[in-house]
Amino acid sequence: MISEIGFVFLTLTLVISSFSFAQLIYSHVNSRFFVLDHLKITNLIFFFTLSSFISLTYSFLISDFSLNVVAQNSNSQLPTIYKFTGVWGNHEGSILLWLLVMTFFGFLFSKNSSATEEFKNNVLKIQNSLCFLVVSFIIFTSNPFEKSFPYPIEGSDLNPLLQDPGLAIHPPFLYLGYVGFSIIYSISVAALSDGVKNYFIKILKPWVFISWIFLTCGIGLGSWWAYYELGWGGFWFWDPVENASLLPWLTASALLHTIVVADKKKIFINWTIILSILTFILSLLGTFLVRSGVLVSVHAFANDPTRGVYILLLLASISFFGIFKYVNKNIQLRRADITLISREGMISLNNIFMLSLTFTILVGTIYPLFASVLFNSKISVGAPFFNSILMPVMFPFIAGMIIGPYTKWGKDDLIVLLNRIKVLILCFFIISLLVWYLNYKTPILSIIFIALGCWIIFSSLFEVFQFINKKLRVPKKIFAQITAHIGIGLLIIGATGSSILKQEKIQFQEVGQSLKIKNFDVEFLGVKKIEGPNYISQMGVFSIKKQGEQIKILRPEKRFYNAGKQVTTEAAIHSSIFGDLYIAIGDVHEDKTKWTTRIWFNPFTIWIWIGVFLLASGGSLSFLNSLSRK
Amino acid sequence: MKKKNKRLITILIFMAFFTFGCAILLFNLRENLIFFYSPTEVFEKQIETTQMIRVGGMVKDESLIKKIKTIEGRQLEEISFIITDFENELVISYIGILPDLFKEGQGVVVEGFLKNVGKFEAKTVLAKHDENYMPPEIKDIKSIKDKKI
Numbered sequence: 016m017i018s019e020i021g022f023v024f025l026t027l028t029l030v031i032s033s034f035s036f037a038q039l040i041y042s043h044v045n046s047r048f049f050v051l052d053h054l055k056i057t058n059l060i061f062f063f064t065l066s067s068f069i070s071l072t073y074s075f076l077i078s079d080f081s082l083n084v085v086a087q088n089s090n091s092q093l094p095t096i097y098k099f100t101g102v103w104g105n106h107e108g109s110i111l112l113w114l115l116v117m118t119f120f121g122f123l124f125s126k127n128s129s130a131t132e133e134f135k136n137n138v139l140k141i142q143n144s145l146c147f148l149v150v151s152f153i154i155f156t157s158n159p160f161e162k163s164f165p166y167p168i169e170g171s172d173l174n175p176l177l178q179d180p181g182l183a184i185h186p187p188f189l190y191l192g193y194v195g196f197s198i199i200y201s202i203s204v205a206a207l208s209d210g211v212k213n214y215f216i217k218i219l220k221p222w223v224f225i226s227w228i229f230l231t232c233g234i235g236l237g238s239w240w241a242y243y244e245l246g247w248g249g250f251w252f253w254d255p256v257e258n259a260s261l262l263p264w265l266t267a268s269a270l271l272h273t274i275v276v277a278d279k280k281k282i283f284i285n286w287t288i289i290l291s292i293l294t295f296i297l298s299l300l301g302t303f304l305v306r307s308g309v310l311v312s313v314h315a316f317a318n319d320p321t322r323g324v325y326i327l328l329l330l331a332s333i334s335f336f337g338i339f340k341y342v343n344k345n346i347q348l349r350r351a352d353i354t355l356i357s358r359e360g361m362i363s364l365n366n367i368f369m370l371s372l373t374f375t376i377l378v379g380t381i382y383p384l385f386a387s388v389l390f391n392s393k394i395s396v397g398a399p400f401f402n403s404i405l406m407p408v409m410f411p412f413i414a415g416m417i418i419g420p421y422t423k424w425g426k427d428d429l430i431v432l433l434n435r436i437k438v439l440i441l442c443f444f445i446i447s448l449l450v451w452y453l454n455y456k457t458p459i460l461s462i463i464f465i466a467l468g469c470w471i472i473f474s475s476l477f478e479v480f481q482f483i484n485k486k487l488r489v490p491k492k493i494f495a496q497i498t499a500h501i502g503i504g505l506l507i508i509g510a511t512g513s514s515i516l517k518q519e520k521i522q523f524q525e526v527g528q529s530l531k532i533k534n535f536d537v538e539f540l541g542v543k544k545i546e547g548p549n550y551i552s553q554m555g556v557f558s559i560k561k562q563g564e565q566i567k568i569l570r571p572e573k574r575f576y577n578a579g580k581q582v583t584t585e586a587a588i589h590s591s592i593f594g595d596l597y598i599a600i601g602d603v604h605e606d607k608t609k610w611t612t613r614i615w616f617n618p619f620t621i622w623i624w625i626g627v628f629l630l631a632s633g634g635s636l637s638f639l640n641s642l643s644r645k
Numbered sequence: 011m012k013k014k015n016k017r018l019i020t021i022l023i024f025m026a027f028f029t030f031g032c033a034i035l036l037f038n039l040r041e042n043l044i045f046f047y048s049p050t051e052v053f054e055k056q057i058e059t060t061q062m063i064r065v066g067g068m069v070k071d072e073s074l075i076k077k078i079k080t081i082e083g084r085q086l087e088e089i090s091f092i093i094t095d096f097e098n099e100l101v102i103s104y105i106g107i108l109p110d111l112f113k114e115g116q117g118v119v120v121e122g123f124l125k126n127v128g129k130f131e132a133k134t135v136l137a138k139h140d141e142n143y144m145p146p147e148i149k150d151i152k153s154i155k156d157k158k159i
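Just so you know, the sequences run in chain order F and C. Per my numbering, the first sequence starts with residue 16, numbered consecutively. Per my numbering, the second sequence starts with residue 11, numbered consecutively.
Bound-form chain C, shown alone (with noise of 0.2 Å):
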């Protein structure tokens, strides 16, 4: 009885830490979690400037802005291009080296913050490994999907 007894205390012990530790997964999960939006969405719902978000579109032709501003006394340049899924557009403004594979015409996922209406500020563009590859993300809009069949 009293091993039986010290068997269960244990295992009582086991899940009170397990469900403990899946609480603290799980509602940390709910904080860090980055939703992926198309522009068109982006228009529809009410989106916190406050909140984290993904982007992604093809980024539209002849788009590709460079401008230079000043910060803090140091020159830096703001890149500024517009990604659309051909029935919404966005102005994306990014301050960073553009990773190799991005091009006017290709998908891209942008991760930051919109600011005011149709403007969003990227902290990071997701650069890929493979030139051929589209994002299913992107992939999946539907009105890109209409738009390449």
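If we strip away everything but chain F, and leave its shape as in the complex, we get (with noise of 0.2 Å):
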């Protein structure tokens, strides 16, 4: 009963977003016959979208296997909680959760008082007509209330690698981040055809800002999911949905960066809305490449062609009315004169690299789509592309980041700059020959790295200091771009330290034998059996010790779940400051007294997480900065 509701609110959404859709298309129809609020339309289809939803959880929360999609994702042994995320955990869902934040954003933005009544339809009417685009690919390919018949008395399960806390918030953070771009890409077209008045940035930065720090909490909670779940002791493995979603954090990064200028100087308006539609046409190909299953990757989820080619055609028609109306734009906008050396110079270099870098990515991404499709070859592209790409990118990169800060708007002189900075630039060789006495060992590459990691990190605070020098409190813009760029500089540290200076032992492990990884002695003190609530679980105990001290016991699992007869690894972990000692447990030999045991240190994992936590603290602190400037 209560799936039947769920499914008239959603046929609801389709009809009346698509008075939105109509009035968009006959735009050039007088007007007068066909008077729309879209406010009000913006606001129903959120309630019926979001009512919608409810009854879908509301049906997984009481295991109604009457619908397929709980039958097929859910069970009645799953944890409540389980049963909740499930919601997501499934194709189906999670597009009409992707649906629900579209609209939510559309909420969100109706209530926002700064813009005008008038630019305010106009972006709602864009961003109702997403919505339309959206519910019709759900109700015609991917209906979530679909019934079985004859239905079954117990689900098949939820995939048990989505049975994970860190898995279960992830996807609503990504979409959160995927999704904020389309109001983005809604502002920035009804931008052009009111004729770009520079408000609308004021208007666009705070969604750009928070867009972004969701995304990028998605990405990151993925990544340490897969880090920790998959139990294969890496954090990002240039799989092709990892870098679609790489490509409109790219893009929403230059983004970021122009919009800054945009605000201050009046200028790069133009590239500022050319980047706001390529990143929601970025988010849209990642949901395609995502959803349709053309690539090879890890995520596979079990798909449809049909959904691939609605998405594509969405992803088409979409794109084609965002260039299509940039180039009737009706506007004129003064050229800039901008040098190198100055902060805009500087921000110019650096979505310049961002690009470079988008494009490269992307290539590599897509490029085994065209080969299987023109030379009939299958091909993939490989991390050491990836990595070979990314690695010479870098150096001018890190050197824009370092020296941009110390810009002067406008225009400004090398010679003066490089006096401005010289102590810091003193400092970078006595952090380099630091970072090299405590790591001469290690390979060059990973020197180099970690050096340019702490001269990031290092300018920043130099920065700080500064002020503090001067006796100026820190403006609150800059305190959020240092504090980003911290996270950066410990990115680049803790990725460094994960690949390049990974450790690795693998082995059979017999019952109190001891091995040696880094300072560490892991003692393998045998196996249990538990049983969790839908599964039951052989845990290995590990007891760790340093310098004959035992300091943690670790405990990784090999579950077994009940319903779906599959098995997952759970790794343990134990994380410091200077590295991750990471244990993943395999099978058991037949003579019972032997296991294999994967062991890894991964020095400064743990500074990737704090790096993103910063990169998302120094967005949050751009977008409140936002938000009570206006």
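Hints are computed from structural coordinates only; laboratory data are not their basis. Just so you know, these numbers come straight off a predicted model, no measurement behind them. Errors might be hidden in some of the hints.
[As the list claims (entries may be wrong)] Derived DEER-like restraints, expressed as beta-carbon distance ranges: (1) C:18 - F:210: 27 to 33 Å; (2) F:180 - C:75: 35 to 41 Å; (3) C:114 - F:567: 35 to 41 Å; (4) F:458 - C:18: 42 to 48 Å.
A virtual CB, placed ideally from N, CA and C, is assigned to each residue, including glycine.
Make the complex out of the two chains shown on their own, each in a separate frame, by following the hints.
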């Protein structure tokens, strides 16, 4: 019963949002005959989608197996929390979540007071039309309220890999980021037909920050989950799906820098709009790649080709509409003369590098797709490609990141600039020597990158020092920038440590046998059988000793899920600021005394997560700042 | 005129950089491509033993063998199994922990190097997130498709 109501609400969303869509398409027809209040439509579709989502959630919570999605992705044994998160642990539900977020952003925007009514109306017309496209996609290709008949008494299971708190919150965050870019798209496209008055930058700014923060957290959470759940000991695999989320993140980061200039100097307005449109297109491309299954990826979901075609059409029409509006814009913008050695110049440089990276990763990600269509060859692009491309780009990028904040707006002089940061340059030498002295045995590449990471952190701290030295308070804007940049520095150190400096040991380990890795002694104490709510687990017990003293007991598991007959690995990790000791347990040998164990030491991994946290905090500070200045 | 010249130079420099960048990109891409083959293709084509490739097919039933191997004083478990496209078979050896979703009778993709004829040393056994999923590469192998239908 509840599920039928959910479907009715979904249909209502389709019908009502179609009004907005119709008016968008027939906007040249005299609109006096067709006056619509798009704000009201936005409110309505938000509440309808919310109701629809709640009824689906309810169906999951009561384990209503008459619904296909519930029967296939849930189980009555499942702990309540995973019944709840199971709502978006499948294609249909997750697209409904996507729609919910989309209408939610529209709803939030309609409550935003700074825009004029007319502008709001124009923006929401586009936003509602986007919602229309998504809701029609849901109803025609992936209806979560589809009934199964005769329905099963017991459901199959939620994929055990998804039965984890990290993954439970990863998709909503990722979607809040991905879909947040829809409102950025709507604002930018609306601004194009509105004659781009500068005030739209002020309206756009907080949305850019909020979406970027969520996307950053979403990617960070996904990476963290992959790290501790998959038992591969890594955090980033250059998998197509990961790349797909990185692409809009890169352009959004470029946008983040540009919009600051656009707001302050009233230049780069054009560029801001292009980036906004591009970012949303890339988000959609990401969705297409994930949901259509055209690419070979570890994130494989059982797919349906018609969905792929539909998303591709959606992608094409939304891109076309954005480009069409851009070409037909009715504005004249003043050209800006920019010199390289200035804040504007440095930010342009940042954008050039960000976009080159985006382009490269895009090519690497979709090249296999072209190859399979054009040459009928099955290939994949390996991680070495991305690493080899990323590394050379990092050097100028980091240099720009260090110099950038010290340049002046307008015009600056290289000599004067160098003079201004001479103390800093001296410090760089000392840091580099120190890093080299502490790590001289390790590969040269790791020394370089760790030194560069330290440079970024130090130059950011030096900024703070300069303010304190002049007895000034650090402005909020600068503080946000410093926080985020320190985050990047930590991220570089963490990524270097856990990729280049990683140590791995894999072996049969007998009960009672002790192994040495880094300065830890890992003693295997045996395996216990544990019964969880819906799984049976074989839990290895390892005693971690440092100089003969036990510091921790680690318990990696191999879980066997009853309902789906699936096995998952739960790695056990001992984190410290110097690195993670990471243990995964495999199968038992026939003689029942030896087990395959895989032990890693991943230096500095914890700094990756701290880096991501600082990035998000920096973004949040900027966001609060952009709100309070209105 | 002068202003126009300056702009032209800027554009030329930009184009030069762009072309240079693309050249590096494509060169790198070509170096790092990993080709996918079915077991039959492995036998038909001349594949260098230094080239990293991917091979995919179905894991043959009851072909999984685990042996103990000692390398550098440590005992290791060497796993070997056979993948087949129902025409040809290839013996895969692998040292490590198999992904959780690895099962006999199911599709699998491995990445590594071809040793000698019919033997393949896997560096990675690619894991999938979903048990119902069949990699499109495997699904497209003709002989497997025929068998399924």
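If I claimed the Cβ atoms of residue 18 of chain C and residue 210 of chain F lie 27 to 33 Å apart, would that claim hold in this structure? The hinted range 27 to 33 Å holds for residue 18 of chain C and residue 210 of chain F, with Cβ atoms some 31 Å apart.
With 35 to 41 Å as the target window, see if residue 114 of chain C and residue 567 of chain F comply at their CB atoms. The hinted range 35 to 41 Å holds for residue 114 of chain C and residue 567 of chain F, with Cβ atoms some 37 Å apart.
Residue 180 of chain F paired with residue 75 of chain C, Cβ distance criterion 35 to 41 Å: Roughly 38 Å apart at Cβ, these two residues keep to the hinted range, so it holds.
May I ask you to test the hint 42 to 48 Å on the CB atoms belonging to residue 458 of chain F and residue 18 of chain C? 45 Å, holds
Figure legend: structure checked against the earlier numbered hints; every hint is met.
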